[in-house]
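Visitor: The listed protein sequences derive, respectively, from chains A and B.
The letter at position 327 of the first sequence is residue 327 when you use this note's numbering, and the numbering goes up by one with no holes.
For this note's numbering, count along the second sequence from 1 and bump the result up by 478.
No lab work stands behind these hints: they were computed from the structure.
Where hints are given, some of them may not hold.
Distance windows between CB atoms, simulated [claimed, not checked]:
1. L92(A) - E544(B): 26 to 32 angstroms
2. D559(B) - L194(A): 37 to 43 angstroms
3. A409(A) - V543(B): 33 to 39 angstroms
4. D559(B) - A52(A): 37 to 43 angstroms
5. L557(B) - Q371(A): 31 to 37 angstroms
6. T490(B) - A379(A): 28 to 34 angstroms
7. L557(B) - T178(A): 23 to 29 angstroms
8. Y20(A) - A561(B): 42 to 48 angstroms
Every beta carbon over 12 angstroms from chain B, so not counted as near; a handful from chain A, in silico [said to hold, decoys possible]:
9. A17
10. R25
11. L41
12. A94
13. Q186
14. A331
15. W340
16. A344
17. A422
18. I423
19. V449
20. A460
For every residue, glycine included, the Cβ atom is placed at its ideal position computed from N, Cα and C.
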Amino acid sequence: MSIVSLAFAGYVLLVLAAYYALPRRPQNWLLLAASYGFYALWDGWLLGVLLALTAFNYLLAQRLAPAPTPPEIKGRQRGNRRLLWAGIGVNLAALGCFKYADFFAPEMNDLLDSLGITSSSVEIVLPVGMSFYVVAVIAYLVDVFRGQMPPSRDPVDFALFMAYFPKLVAGPVERARTFLPQLAAQRTVDNAALERSLALIAFGVTRKLVIADPLNSMIPAALFDDPGRYGALELWGYLLAYAFALYNDFAGYTSVVRGVSGLFGIELSRNFRLPYLARSFSEFWNRWHITLSHWLRDYVFYPTSRALLRRNPRRDNVPNLVLPPMLTMLASGLWHGPGWQMLAWGGLHGVYLVGEQMLALRRPVVPPGQQPLWRQAAATGVVFVLVLLAWVPFRCELPQAVNYWRGLADFSSLQRPTFRLAIVLIPALALDWMQRREELAVLGWPRLVQATLLALETLAIFLVLQADTGAPFVYGGF
Amino acid sequence: MDRTEVHDKLRTFVLNDMIRMPDYDLKDDEPLITGGLVDSFSLALFGVFVEETFNIYIPDPDLTVENLDTLNQMIDRVLQDMA
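Please model the entire structure based on the sequences and the hints provided.
Guide: Structure below.
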């Protein structure tokens, strides 16, 4: 069930009608039942995996909390380390089985064949949303282990933290520390919250249906499989289209689910803040897929960086400079999928971050706000182009990616991409412009302007639906 | 350790090790990260410094721009954890 379908809208309305007829406690039971129902519609039998991991993590966390003894360093408490690693191991192993086993399936089939064992082809399907709920629950275990939050004593609330249907398919990656207290509190949705939620849904649907889907439909099907057939201008144009399609697809998805969740009085985190306007790579990662980026920062980058700095506090020490960003970005690549292409994508971003840190050590600090505008624009341009180049291995296998990069520099053919790309990119930029200072600044605009924008959006959606450009959400596949 | 002492130690650290400009005229409420003087990754450096200097541990998820964007916020956090 796509979240931009009438079926989903109907499902949400049905749940909402029952939700507001109930007191708080049964509201959570209803949301849990609705979440499992929603998941069963996506992936019937794989609901069992979610239930098993929920039960396992709930029980494990009860035994993880640190003993109430004074720590060596004030505030640095630690629970049962072996249990923590066992818990992380089980969650990662479960994710690995489903996410990465398919990557090794050909080798496994070859091995079985060479041993003379007849087997049907190994094919394993990744449960929808598993990559998202596994990282969220690992953060929960670590936080309980460090004594930063008590283990959840309420199995219904904990199960809902794992399965809450607006965030189940593709995040945001919520922290238990902020999500669980919302489930324990009374929830009210006043007019302002309702207006905000509906605006988020409108922005999200526009990003998905009016921008991402048409852009995706304009990219030639063979582009990433056989980039040699296209000239440099086409390759640059379609890469630009892919970058904006990916961004609007995922930002649109997040906006819709945040809006839907707001209707239940539960706030979900923002995932995007105009990422392509970043003036540095560290800024880019504070603007792109923010909840995952911050998860990686808190549970990979900081622990690695702090461990290295404790051994050698010099900032310009090579391991301190290189290892934390490289490990973090390689982990990000692996999270997105198995294979060399995602490692190349993550590795490239790691190299960008290391390069930026090394340059920063050699230059006097000038805050971006105090730099001349041309320099800020140039920095944004450089970051954007390098991010574009990194999207190539994100989208296609490494040999094709190398051909794509070669093609980008080969201007022997000056064939241009379709002009229709520009028609879609203009509203994409307009949406970012509208959200440049505040995400929902539009709510403060005159009613007449709001009504005109809504009418334009409705017309655009109607026209796009006539063209039937629909496609599933990209991050639903992770 | 009183607020002045914590302030002086942290200010010296921020200027020498985070911004790396000892002569910079840093205001106590000047945004360090949102103002672009340092990036959020430098907060790992801050985390290790307060461990060694004040014997307090600030958990990784608390090393955020929202919590530690200014010198004043850093001082408040250190004093709160030392209490």
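Visitor: Now look at each hint and say whether the structure bears it out.
Guide: Hints versus structure:
1. L92(A) - E544(B): 26 to 32 angstroms: 29 angstroms, holds
2. D559(B) - L194(A): 37 to 43 angstroms: 40 angstroms, holds
3. A409(A) - V543(B): 33 to 39 angstroms: Holds: the Cβ-Cβ distance is about 38 angstroms, inside 33 to 39 angstroms.
4. D559(B) - A52(A): 37 to 43 angstroms: With a Cβ separation near 39 angstroms, D559(B) and A52(A) satisfy 37 to 43 angstroms, so the hint holds.
5. L557(B) - Q371(A): 31 to 37 angstroms: Holds, at about 34 angstroms.
6. T490(B) - A379(A): 28 to 34 angstroms: 30 angstroms, holds
7. L557(B) - T178(A): 23 to 29 angstroms: Check passed, 24 angstroms falls within 23 to 29 angstroms.
8. Y20(A) - A561(B): 42 to 48 angstroms: At roughly 43 angstroms between Cβ atoms, A561(B) and Y20(A) fall inside 42 to 48 angstroms, so the hint holds.
9. A17: Answer for A17(A): holds, closest chain B Cβ roughly 36 angstroms.
10. R25: 29 angstroms, holds
11. L41: 34 angstroms, holds
12. A94: 24 angstroms, holds
13. Q186: Fine: 25 angstroms to the nearest Cβ keeps Q186(A) off the interface.
14. A331: For A331(A), whose nearest Cβ neighbour in chain B is about 15 angstroms away, the distance exceeds 12 angstroms, so it holds.
15. W340: 27 angstroms, holds
16. A344: 22 angstroms, holds
17. A422: Since the minimum Cβ distance to chain B is about 32 angstroms, A422(A) lies beyond 12 angstroms and the statement holds.
18. I423: 35 angstroms, holds
19. V449: V449(A) clear of chain B: closest Cβ-Cβ about 30 angstroms, beyond 12 angstroms.
20. A460: The assertion about A460(A) holds, with a minimum of 35 angstroms to chain B.
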